[in-house]
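J.: Take the given structure of chain A and dock chain B to it, following the hints.
Listed below, chain by chain, are the residues.
Protein chains: 2
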Amino acid sequence: MEINYKNIKVIGFDADDTLWVNETYFRDAELEFAKLLGAYETANKIDQELFKKEMDNLELYGYGVKGFVLSMVEMALEISNYNVSNKTLEAILNIGKDMINKPVELLDGVEEVLKTLSKNYRLILATKGDLLDQERKLEKSGLIDYFHHIEVLSDKKEANYSKLLNHLDINPSEFLMIGNSLKSDVLPLVNIKAHAIHVPFHTTWAHEEVSEKESNGKAYKTVSGLRGILKFLN
Amino acid sequence: MEINYKNIKVIGFDADDTLWVNETYFRDAELEFAKLLGAYETANKIDQELFKKEMDNLELYGYGVKGFVLSMVEMALEISNYNVSNKTLEAILNIGKDMINKPVELLDGVEEVLKTLSKNYRLILATKGDLLDQERKLEKSGLIDYFHHIEVLSDKKEANYSKLLNHLDINPSEFLMIGNSLKSDVLPLVNIKAHAIHVPFHTTWAHEEVSEKESNGKAYKTVSGLRGILKFLN
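Those protein sequences? They're chains A and B, same order as listed.
The opening residue of the first sequence carries number 21 in my numbering; numbering runs sequentially from there.
The opening residue of the second sequence carries number 21 in my numbering; numbering runs sequentially from there.
Just chain A, same shape as in the assembly (with noise of 0.2 Å):
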């Protein structure tokens, strides 16, 4: 199916994994986790179970390294049935302390994507992360002159991106959303007539995963990195 891109007045980038590396942390940070917990389940357990109190939190805590972190904390005490002792609680916040302050890693193309796009377009980050969080990768990635400002969505549903799109008073399609999940990043999109392209990062959080059923015949398009936007719109 051809997309007209013609209407386009902002383009959206999701950050975490479409910009700049995030989801490889957060597994490391799972595995060190498991680590930490050895004594008391298998490594596999330990991350399925974390997986499910994430879950079962995400509606209290939303996303973002904080709420990992006191679901991991959470975790820690129930697993090991209330004896985990306080250094590895200690070594747990550790945990966070170093993923919020991991350096950022670009991803292949992504300045030159951004210096080209800025020229013709209003480009924003619109993330579900944590502000304090997406600000300081912004500051530390060298990019923020490139965006117009930064859009922090509670979750990315159709509900979220509507609003969005209210306040930035344009119509859905004017708007294209690029990004790296197909389920927050593109098919919210496509459902509302607004645009999307969808970049895959090559590890998906089993929360972003999505069944072949719920992409069938969405008019989006999919590249294999950030520089194959460039295709359709410069």
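One or more hints might be untrue.
Same chains, same names: a pair is fine if it fits in one copy or spans any two.
Claimed, not checked - Calculated pairs, SDA-like style, for lysine to any residue (alpha carbon to alpha carbon, straight line, at most 25 Å): (1) 160 - 77; (2) 139 - 24; (3) 65 - 238; (4) 251 - 24; (5) 238 - 28; (6) 183 - 106; (7) 117 - 27; (8) 26 - 47; (9) 251 - 105; (10) 117 - 174; (11) 183 - 162; (12) 107 - 117; (13) 183 - 136; (14) 135 - 24; (15) 73 - 213; (16) 73 - 24; (17) 238 - 210; (18) 55 - 126.
FYI, nobody ran anything at the bench for these hints, they're computed from the structure.
T.: Structure of chain B alone, referenced to chain A:
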């Protein structure tokens, strides 16, 4: 000094302790926390140390309940010399969950003021809390239809407000901020030549207190309750 409100296009409202009770819940949480750790230190010492810990972690965690809970956990480990029980730590996590689940208690006059002002101005909620928390509170409050959108600021300093005005595409003289914190909702605005009205709340977090000197000779109004705003604007 007379202030000219004629040019105002957008009015920003602080949320916590301006529209609804918040600080009181933090004070209650601190009391509960001190009680849980009563075996290790006096309530007064615990209070002081917790504030210090929050300030140490502020750059890392930012504002909001999740960072507050992470600071409580860290402090419990340290102040107990790594002897605090797993059950006590669980109780600390639950203090946080209870805070997030608290009902929204509107302050006096809020609905009337928003209803009146929303007819002639674009109203936004400008908060440095956690977006998810604030969206949840706004939902519970029944006030959601009065606001064009929520703006989350990672901090409320001059630079953050300048970014906000840029994002709203308005001049400083077209913006009025209303809030309970001199430090966060009033002085930075006055300093960038925007407008501000101060509506004090009975409890102020130590971090939000400012000295007389800082607030001397700045052009802003103070009203004793939210309804007082309607004397100047309607």
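J.: Does each hint fit the structure? Answer for all of them.
T.: We went through each hint and held it up to the structure:
1. 160 - 77: Classified as between; 19 Å across copies, 30 Å inside a copy.
2. 139 - 24: within (19 Å within a copy, 38 Å between copies)
3. 65 - 238: For residue 65 and residue 238, neither the intra-copy (36 Å) nor the inter-copy (60 Å) Cα distance is at most 25 Å.
4. 251 - 24: Only inside one copy: residue 251 and residue 24 sit 13 Å apart there, 51 Å across copies, limit 25 Å.
5. 238 - 28: within (19 Å within a copy, 44 Å between copies)
6. 183 - 106: neither (43 Å within a copy, 42 Å between copies)
7. 117 - 27: neither (43 Å within a copy, 45 Å between copies)
8. 26 - 47: neither (39 Å within a copy, 54 Å between copies)
9. 251 - 105: Answer is neither: 55 Å inside a copy and 59 Å across each miss the 25 Å cutoff.
10. 117 - 174: Both, since 22 Å and 18 Å are each at most 25 Å.
11. 183 - 162: between (29 Å within a copy, 17 Å between copies)
12. 107 - 117: Answer is both; intra-copy 15 Å and inter-copy 24 Å each pass.
13. 183 - 136: between (28 Å within a copy, 23 Å between copies)
14. 135 - 24: within (22 Å within a copy, 41 Å between copies)
15. 73 - 213: neither (34 Å within a copy, 47 Å between copies)
16. 73 - 24: Neither: 42 Å inside a chain and 53 Å across chains, both beyond 25 Å.
17. 238 - 210: within (7 Å within a copy, 49 Å between copies)
18. 55 - 126: neither (28 Å within a copy, 46 Å between copies)
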